[in-house]
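Undergrad: Single-letter residue listing:
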Amino acid sequence: MINISDDNFEKHKALNGQDQSDQELKQYNYLNLGPTHPATHGIFQNILKMDGEVIVDAQPTIGYIHRAFEKLAENRPFYQITTITDRLNYCSSPINNIGWHLTVEKLLGVKTPKRLDYLRVIIMELARIADHIICNSVVAVDTGALTGFLYVFQWREKIYEIYEEICGARLTTNIGRIGGFERDFSEKVFAKINNLLTELPAALSEFEKLVMRNRIFMDRTVNVGGITGERALEYSFTGPNLRAAGVDYDVRVMTPYCSYEDFDFTIPVGSSGDTYDRFCVRQEEMWQSISIIKQALKNLPKGDFHADVPEFYLPPKEEVYNTMEGLIWHFKIVMGEINVPKGQVYQSVEGGNGELGFYLVSDGGRQPYRLHIRRPCFIYYQAYPEMIKGSMLSDAILTMSSMNVIAGELDA
Amino acid sequence: MAEVNNQMLGESISAQFGNQVLSVEETYGTLDIVVEKSIIIPLIKWLKTHDKFQVNFLTSLCGVHFPEQNDRELSVVYHLHSFINNIRFRIHVFLPASQLEIPTLTTLFAGANWMERETFEFYGIKFIGHPDLRIILNVEDMDYHPLLKQYPLVDATRTDKDDKYFGR
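In the order they appear, the protein sequences are chains Y and D. The opening position of the first sequence corresponds to residue 0 in numbering that gives the first Met the number 0, with each subsequent residue numbered one higher. The opening position of the second sequence corresponds to residue 0 in numbering that gives the first Met the number 0, with each subsequent residue numbered one higher.
Check each hint, because a few of them may be wrong.
Over the 12 Å line for every Cβ pair with chain D, so calculated as not near, a few chain Y residues [claimed, not checked]:
1) 37
2) 166
3) 188
4) 234
5) 297
6) 308
Derived DEER-like restraints, expressed as beta-carbon distance ranges [as the list claims (entries may be wrong)]:
7) Y:25 - D:17: 51 to 59 Å
8) D:85 - Y:146: 22 to 30 Å
9) D:100 - Y:189: 54 to 62 Å
10) Y:35 - D:148: 31 to 39 Å
11) Y:53 - D:150: 29 to 37 Å
12) Y:189 - D:96: 54 to 62 Å
No lab work stands behind these hints: they were computed from the structure. Computed from a predicted model, the values in this text were never measured in an experiment. We treat Cβ as the ideally placed atom computed from N, Cα and C, and that holds for glycine.
Construct the entire structure; sequences and hints are all you get.
TA: As structure tokens, this is what we get:
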């Protein structure tokens, strides 16, 4: 860091014989933050232009874990793409999985039974809670409060145990199928969900007591990394980041899917779009998710846990072994030999960090002709340099973690 | 104020821009509007500033490659959304492979920046007037556009993968 002292400044002015602004004489230094810096929680590189400890500009480099999902998807049968979506926002894979299933179902024109919708809502809201638990507790860690993080992570673990009970997997869930769940939820699943619903509220409010009105936490987050609502819309922000800036856009309400219109919940909004508002919006969304799950459990309709889509939903094994038709469908599905209708659809779901959209172009073949995935992270991370301009280096770290940038989704 | 619906939106656009609008049709409840390249920015600007439509949100922007369509090989698809009227629609612009140039949307939506960089990287479509049109996800010196249909999934120049070990 080279500082130009007042003395030098005067000398320089005299030498040039003209008035030069302070800005022109100033020398900046450059700091390489990332790509493998532990504080960035992922592979993000930013070359920061610094004036002392103040950030003047930032140049993000992304793509370190780019896996060409869109190209991969053009070469796979529809049901095999679910596993790709797992690896987008891996903190809430079930939302991605179900978003993809809904996209294909929309293309096929499938009518889903109510019970399936409600079961999906339960899973998606659990995933949202898990996602927000990670994000918010990590924000607390970046301000120096490790206790809350270790404490609430127990409940994220319990949510993963629920996934495990349903589909056998924990992180990259590949949950459900196109058409529905492979089996109905067992008693054990409902017992685990009920258990979570009784224990989680106490933990959440304790976490809030630890952090939310904590002097140190507030000093570190209020008015840090803010963005106005207008600017956020310009940047196509979605999810908690947009709502923290005061825009009440939520896909669940605006374009309901999976019978979200049946549920009564509110959309929390912030006002200044800063780190503290983002934290509070996520925190309130967890409470809303708990309420949605409770409503879904209370009003859970009887009926089928899958829709009637023989082209995509695997028949039960008794049918496969004993009937010709069952065997043929099983073979055709597993080998991916199903043609879908020609057309193009866009389906979006409210993911953990914003509107996750799938734009699917089908030419009537067995694979998508083109699949574009609207990844909320990729779109809002481009506002990051603007949001950290003029703030301290330590605030930049906090801003990034409160934006919930997930490398898997960013780089796709 | 009359409620804005797909039909009304399509008719208004056709009335405003005449034969520059090549087709308007509805698929799966969403309006697909195909327009000439020359009006893409005026059209989106008109929609954004229109009193009634107030199309204030760019949901996504991507490219699609149709190698067998002569002189319309590539298309750029804009997903737009009006929060006020809660209406989503798509605008398509087709480009010939010989002239992959289209004006940038960053003048209207700051968020178009990386979306256009990604489209440029995958399809080689140049967005004229873009402030920083560089490759974003892959290595900087990549000299081809991988999502074009002529490129197979696995790089044909790779020598480290021997098919005989995979039973192929």
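Undergrad: Confirm or reject each hint.
TA: Taking the hints in turn, this is what the structure says about them:
1. Listed as outside the interface, residue 37 of chain Y is consistent with that label: its C-beta sits roughly 23 Å from the nearest C-beta of chain D, beyond the 12 Å cut-off.
2. For residue 166 of chain Y, the condition that its CB be more than 12 Å from all CB atoms of chain D holds, with the nearest at approximately 27 Å.
3. Against chain D, the non-interface label of residue 188 of chain Y holds: every CB pair exceeds 12 Å, the least being about 33 Å.
4. Not every CB of chain D is more than 12 Å from the CB of residue 234 of chain Y (nearest about 4 Å), against its label as outside the interface.
5. Here residue 297 of chain Y stays apart from chain D, with its beta-carbon at least about 29 Å from theirs, past the 12 Å limit.
6. Every beta carbon of chain D lies more than 12 Å from that of residue 308 of chain Y, the smallest distance being close to 17 Å; the non-interface claim holds.
7. With their beta carbons about 54 Å apart, residue 25 of chain Y and residue 17 of chain D fall inside the hinted range of 51 to 59 Å.
8. Taken as a hint, the range 22 to 30 Å is violated for the pair residue 85 of chain D and residue 146 of chain Y, whose Cβ atoms sit roughly 43 Å apart.
9. For residue 100 of chain D paired with residue 189 of chain Y, a C-beta distance near 58 Å keeps the hint of 54 to 62 Å intact.
10. Taken as a hint, the range 31 to 39 Å holds for the pair residue 35 of chain Y and residue 148 of chain D, whose Cβ atoms sit roughly 35 Å apart.
11. Checking the proposed 29 to 37 Å range against residue 53 of chain Y and residue 150 of chain D shows it is violated: the Cβ atoms sit about 45 Å from each other.
12. Taking the beta carbon of each, residue 189 of chain Y and residue 96 of chain D are about 56 Å apart, inside 54 to 62 Å as hinted.
In summary, the structure is inconsistent with hints 4, 8, 11 from the numbered list given earlier, while agreeing with the others.
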